Amino acid sequence: MCIAVPGKIVEINGDTAKVDIMNNICEANIKLVDAKIGDYILIHAGFALEVMKKDMAQEVLSIFEELEEDGNENPRTGKG
Amino acid sequence: MKIDMAYGSGGRQTSDLIHEVFLKNFDNKILCKMEDAAVLQVNPKIAYTTDSFVVTPMFFKGGDIGKVAVCGTVNDLLVMGAMPKYLTAGFIIEEGVEIDTIDRIAKSMSLAAKEAKVRIVAGDTKVIEGKGGVYINTSGIGEIRRAGVSISNCRLGDVILLSGNLGEHHASIMSHRMGIENSIQSDCAPLRSIVKNLMENNIKIHCMRDVTRGGLATVLSEAAASSSCAIEIYEKSLPISDQVRGFCDILGLDPLYMANEGKLIAAVPKDQAGKALALMRRSKYGENAQVIGKIKEGSGVTMITSLNGSRIIDILYGEGLPRIC
Amino acid sequence: MKTLELVKDELKNYNGRKIKIMEVCGTHTSSIFKNGIRSLISPQIQLISGPGCPVCVTPPAYIDKLVEYAVREKTCVLTFGDMMKVKGSRYSLTQAKAEGGNVKILYSPLSAVKMALEDKNTEFIFAAVGFETTTPIYALMMEEILKNGIKNLKLLTSIKIILPALSYLCETKENIDAFLCPGHVSVVTGCSVYKGMAEKYHKPFVVAGFEGEHILAAVDEIIHQIKKNRYYMKNLYTSSVTEEGNRKAAAITDKFFEGIDEYWRGIGIIRNSGLKLKDVYQEYDAGSRILDYTENVPKGCKCKEVILGRINPGDCPLFKTVCTPLNAVGPCMVSAEGACGIWYKNREVRP
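Chains as they are written, first to last, in numbering that gives the first Met the number 0: chain A, 0 to 79; chain B, 0 to 324; chain C, 0 to 350.
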C-alpha cells in the first residue's frame, strides 16, 4: 500500500536533506528520523520514515540465511 | 518580441515570421519557392505518415518539441523500411510565445532534419488565443527500400532486438515536472543509421516498430496481436540505466510502460541475430542494443523475470501516473 | 540457513495441505506479479490480496466530494496519482479534470504547502488518503500549515489503520492461514504489534520488504511455521523495520489525529480502523466527516469477497466480461494495485 525507496543523504539543511537515489537527487524531509550525512533513509512521499540499518541489496543477499531449516524432515542437514 | 494574434492574420507579420524564422532555419530550394504546395520527385513506392506533438515542458534535457516532431515522424517512416525524404511542418502557436522561442524550435528542427537527411518542404502557421503553448504537426514521405516490413510480419523463431535503453524520454520529462535532479536525457533521436545499416547489410527484417508512447510493453503486445504469435522477453536482458531504475523506484513507475523517442524494436531471423546486434551496436544511437526476446507460438507477451518466474505483459491502461501506494 | 535456490526448490515442490496467504499490502501484490512469484510456487500455496490498497477501500462518497471540490470556482484538488482513476458514484478525478475541474498531481504533501503559500486566492483541498505509513506525513503537513498560518489548504481525509482490519479478518473466521504483513506500515508501527496477533489467532505473521527475494523468503518462513505448527511474528525486513517502529511518527500522529470507526469500500464499517483530525483542528478539515457512505454496490460485483480473500477475482461473474480496467465496475479493478486490475493484466499466468 505504500511505496518507499532507499536513498543516501548527501546534504542536510535543517529538516530537509538532499538524498541520492541511484544518482537521482531529490529533497526529503527528515523530521521523523535522527539522520546524518551518509545515512541511508527510507523515503515515502518525500519524507524519511526510518534510517536503514543496512543496505537493501545486502539484505536481499542475506535474507535466506535468516530462514530456519525445517529440521528433521530435511535429511541434508540432519539437525533442526 | 512576443507572438500576438496579428502573426496569424496572413498579412505582414505572418510573412515576417515565415521569412525570418522558418525559411531561415529550414532553408531549401523547394520550400523557398513559396508555392501553395511542394512539387516532389520520389520513387514509385512511398511511405507516408503524420503525427502531432504536444510536450510540456517544450524544452527538456536531450531535446525539445521541435526535435521530437522531426524524429517522431522520421522514425515512423524508417521502421516501415523507408528512407525519409520530405517533411511538412504545421505550427499552432498560442499568443504570447516569444518569437525567439519559435526560432529555437525551428533551429532544432532544422538540425534534426539535417541529421535525418530530410528536407522540410512545406509548412503552415496558425496563431490562436491561449497561454503560450506550441503544437506541431509533421507529415513525412519516405522511399520504400524494403517492402514487407510490418507489425504483422513477426515469424516463429525470430529474435527481437531492442536498440537501446528504456524509459529515458519519459524519465527526463517527468524529472523536470517532479523537481528531481538527475542527468537523464531524453533519448529523442532519428534512427536512420540503425535502419540503414540493417537494410544495407541484408538483415531480413520482418518487423520494426519505434518504441514511443505506451512503452515497450504496448509495442510488443501490438506486435504479438498483429502477427498472431506469442513473444517472450527476458527481464535480465532489458537495457535500463541505474539512474532510470532509481527514478522509477521513487515514483512507482514501470520502465516497460514508459515513453521513448529514439528506440526501436526489430524482429529478425534467429540466424542473423548476432550480425544484426553487432550492426545495431555499431550504429549511431544503437550502442546499448540488446537481444531481448523471441517469437513463439501462442499469443500475448510474457516476461521471464530476474528470479526466473514468468509475468504476463499487457498494454498500458490509462496514463502512467506517479504513485505513492 | 537456506539459499535462494533451496527456497525456490521447496516452494515449487511443496505438496502439503492447501495454504492461503494474504498479502495485506497492494505494493506486495504488485511485486508478486512483477516478479512472477506465482509461477515459482506450488499451486497448493495460494496468495490472496488483502485490503491494503487505499484506492480499493476508499468509498465512492469520498471521491464524489473531491470531484465536487475540483469543479468548484477558485478551488484546486491536490492528490497523489493513485486516486486519479478511481470512480466515485459518477466521476473519477480524471474525468472531473476533463470537465474543466482543477486537479493537480503531487508527489509530496510539502509541495501542497508551497502551493498554498504562493497562491492565496485559491483554496487547496488535499486528498489525504492512506494508511499508517502516510499519516505521520499528514501530521507534519499540519504542523507546516499551522506554522505558516496557512488558511487556504485543507485536508479531506480518508485515513485507514490496517491493524484493526487484520483483526477483523481474523475474527470473521475468513480461512486465511497466514499474513504477509505490510512492510512500510511496519516501519512506522514496528513489528512487535503482530506478536500478540500471531499468538491470539494462531497464524504466522511475517514482515517482509518488496523485492522478489523478500517475498519468496516470507512465503518459505510461513510454510516452515505451518509445518512445525508453531506460529509467531517473524521480521524479514530488518534493514528498515524495528520492534517498536518510529516513535516520533507515532507521537506526531497522536498530536493531530484521533481514532474513528471507518468505512472500508466493499467491507463496511470496522471499529476504530480510521483516523480523523482532532476537533481542535477541524477548521483544516474539508468536510471529511459529513460524508454519507451508503454505496450502491453494483449488481453482481464481488469486490467485498475479493478484499476479504474469500474468492479470487477470476471467480467474480463480472470479471473480464463486464468489468475491465477501462470499464471498472468495482474498486478492485480500478487501481493498478487492486487485486482485480492486477489479475486482469496478468490473466494468463495462472487461474
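Hints listed in this document are in silico derivations from the structure and should not be mistaken for laboratory results.
For clarity, every value in this text was computed on a predicted model and none was experimentally measured.
C-beta atoms are modelled at their ideal positions from N, C-alpha and C, and glycine is treated no differently.
Incorrect hints may appear among the rest.
Computed cross-link-like contacts, BS3-like style, restricted to lysine-lysine with a CA-CA straight-line distance of at most 27 Å [claimed, not checked]:
hint, chain 1, residue 1, chain 2, residue 2
1, B, 130, C, 11
2, A, 30, C, 298
3, C, 247, A, 7
4, C, 298, C, 247
5, C, 113, A, 7
6, B, 295, C, 11
7, B, 235, A, 7
8, A, 17, B, 60
9, A, 53, C, 247
10, C, 194, A, 35
11, B, 235, C, 319
12, C, 194, B, 295
13, B, 60, C, 150
14, C, 172, C, 113
15, C, 247, B, 293
16, C, 319, A, 53
17, C, 113, B, 130
18, C, 247, A, 35
19, A, 35, C, 344
20, B, 28, B, 60
21, A, 17, C, 319
22, A, 53, C, 103
23, B, 130, B, 28
24, C, 319, A, 52
25, C, 194, B, 293
26, C, 73, B, 60
27, B, 235, C, 11
28, B, 130, C, 247
29, A, 17, C, 103
30, A, 30, C, 247
31, A, 30, C, 7
32, A, 52, C, 194
What follows is a set of in silico ranges between Cβ atoms, one per label pair, in the way DEER data are often shown [what the hints assert, rightly or not]:
hint, chain 1, residue 1, chain 2, residue 2, range
33, A, 15, C, 98, 49 to 59 Å
34, C, 118, A, 13, 48 to 58 Å
35, C, 326, B, 296, 49 to 59 Å
36, B, 296, A, 33, 54 to 64 Å
37, A, 15, B, 136, 51 to 61 Å
38, A, 13, C, 323, 41 to 51 Å
Task: Numbers of the earlier hints that this structure fails to satisfy, in rising order - done: Going through the list in order, the structure violates hints 1, 2, 4, 10, 11, 12, 13, 14, 15, 16, 19, 20, 21, 22, 23, 24, 25, 26, 28, 31, 33, 34, 35, 37 and respects the others.
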